[in-house]
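Undergrad: Each chain, letter by letter, is given below.
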Amino acid sequence: MEESKIFVVILVLSTVLIGLGIYLFMLDRRIKKMENEIKSNKD
Amino acid sequence: MNSFFKNNWWKLLGLTLILYSIVAGFLIEVPKLQGNIGESIRNLFFHVVMWFAMMVMFGNSLVRSLRYLSTFDIKHDLVAYESVNIGLLFGMLGIVTGMEWANFTWGTPWTNDPQLNGAAVTILAYFAYLVLRRSIDEDNKRARIAAVYNVFAFVMLIVFIGILPKMASGSLHPGAGGSSSTVSSLDPTMRLVFYPAIAGWIIIGYWLINLKVRMANIRQMLDNPEQS
Amino acid sequence: MLLDEIRFLVLKDIKLEFKQRYAINGILLYVVSTIFVSYLSFSKIIDSATWNSLFWIIMLFASVNAVSKSFVQESSSRQLYYYTIASPQAIILSKMIYNFMLMGVLAILCLVVFTALMGGFVVNYPLFICALLLGSFGFASALTMIAAIASRTNNNFALMSILSFPVVMPLLLTLMKVSSAALGNGSFADNTSYLAALALLNIIVIALSYILFPYLWRD
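Protein chains in written order, with the working numbering: chain B, 92 to 134; chain C, 33 to 260; chain H, 655 to 873.
It cannot be assumed that every hint is accurate.
Within a straight-line C-alpha distance of at most 16 angstroms, the following computed EDC-like cross-link-like pairs (lysine to aspartate or glutamate) qualify [unchecked claim]:
| no. | chain 1 | residue 1 | chain 2 | residue 2 |
| --- | --- | --- | --- | --- |
| 1 | B | Lys130 | C | Asp255 |
| 2 | C | Lys107 | C | Asp171 |
| 3 | C | Lys38 | B | Asp119 |
Think of the hints as simulated: they come from the structure by calculation, not from any bench.
Between the sequences and the hints, there should be enough to build the whole structure, so can you do that?
TA: Structure representation (structure tokens):
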């Protein structure tokens, strides 16, 4: 069994997950910015 | 930077758990089961995990619906709605991955198995929830009626996924015929990856709900400006 | 007090029905025409499995059809009147009982016409009748609740079928199992677990509806 090949799969999936995570954090930040904007507009 | 971690540590935890499940899921030793399942049993960490996460999402939706019915605070209804959305996301992923796995292992993407059919009907029930919501315009009325239907849908979920498969017997899908062979007799090594993975996906599910709820709130505030 | 309200409402519905014959005629027409269409399309003698599924499919659609009308008939001003004089639990229970009677008539009708046109495949009659009874009750209770939910929205029939399909599924599946046993020499004893499951489902649906209907009613 070529064990080394499995590492590629792990790498690919980890990349996918980390990419998704970064995207989610960016979304989170954008939403927080909008929330702060609205809050400051109210004052 | 520190306040970032204080507020968002749980999101990182969720991502880390899933990352762990990916790495460990491939590296640990898996038991040799009968049939030609082979290494693909590792799919347990990615396919079955979806179903558990989905059930938690729908459970959350039920809790929020009940809280709405007891307090009539519309915020609960919004969370219930988004929980159903994320639950459906996980459910659809579960079904698609299940079909892919089934096609690979059993030669066909779908069989006449009570668990599969039950899962499909449950997904349909929650899609019907979405249709129901879309057909009512007024906020409070929609929330009330949707909450009532949500209770029914959840009972259906319990019946279909928990009860009926135990009554039927003899199918390819593990866990039919009275033996909960996936959960209770799970190999201890696999359990080390399985449970953290579920926890990770549940956390991510809550994060997604959180994001969607906040977006909905923003959209609402933008639509009706200057509401105290 | 509650029982009096229920009895009053049920009698009212029955009297209304006899005057207008709205629902009965609709059911009659629907059942006869669908069975006739199946008769025409299946020119050879069909086997018991097909008989079984056809029977229950027709029962299902006829029931959805019939029950969906139960909440539509009354205009909104009259509904306001009901709200003031009767408790919501009485209303939902009375509608369920009325629909159950309707379903019973429907079931017998279905059985008679079906047997006449498609041949009598039923071997174990008591079991089948039991299944019919439990099935009618189950359909009535579940569909009444769904009709109550759907009546609060604008588009009635399509929504009604979408909503009722998942809720009715467990009922339907168990019913089909029991009746297929009745068609093929299944004894009564074998199937008691299924019958018990049917009864249990009924109870769950009724209990849930009893608790939840008041929330729907406050309009």
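Undergrad: Does each hint fit the structure? Answer for all of them.
TA: Verification of the supplied hints:
no.	hint	verdict
1	B:Lys130 to C:Asp255	holds (15 angstroms)
2	C:Lys107 to C:Asp171	holds (11 angstroms)
3	C:Lys38 to B:Asp119	holds (15 angstroms)
In the structure shown, no violation is registered for any of the earlier numbered hints.
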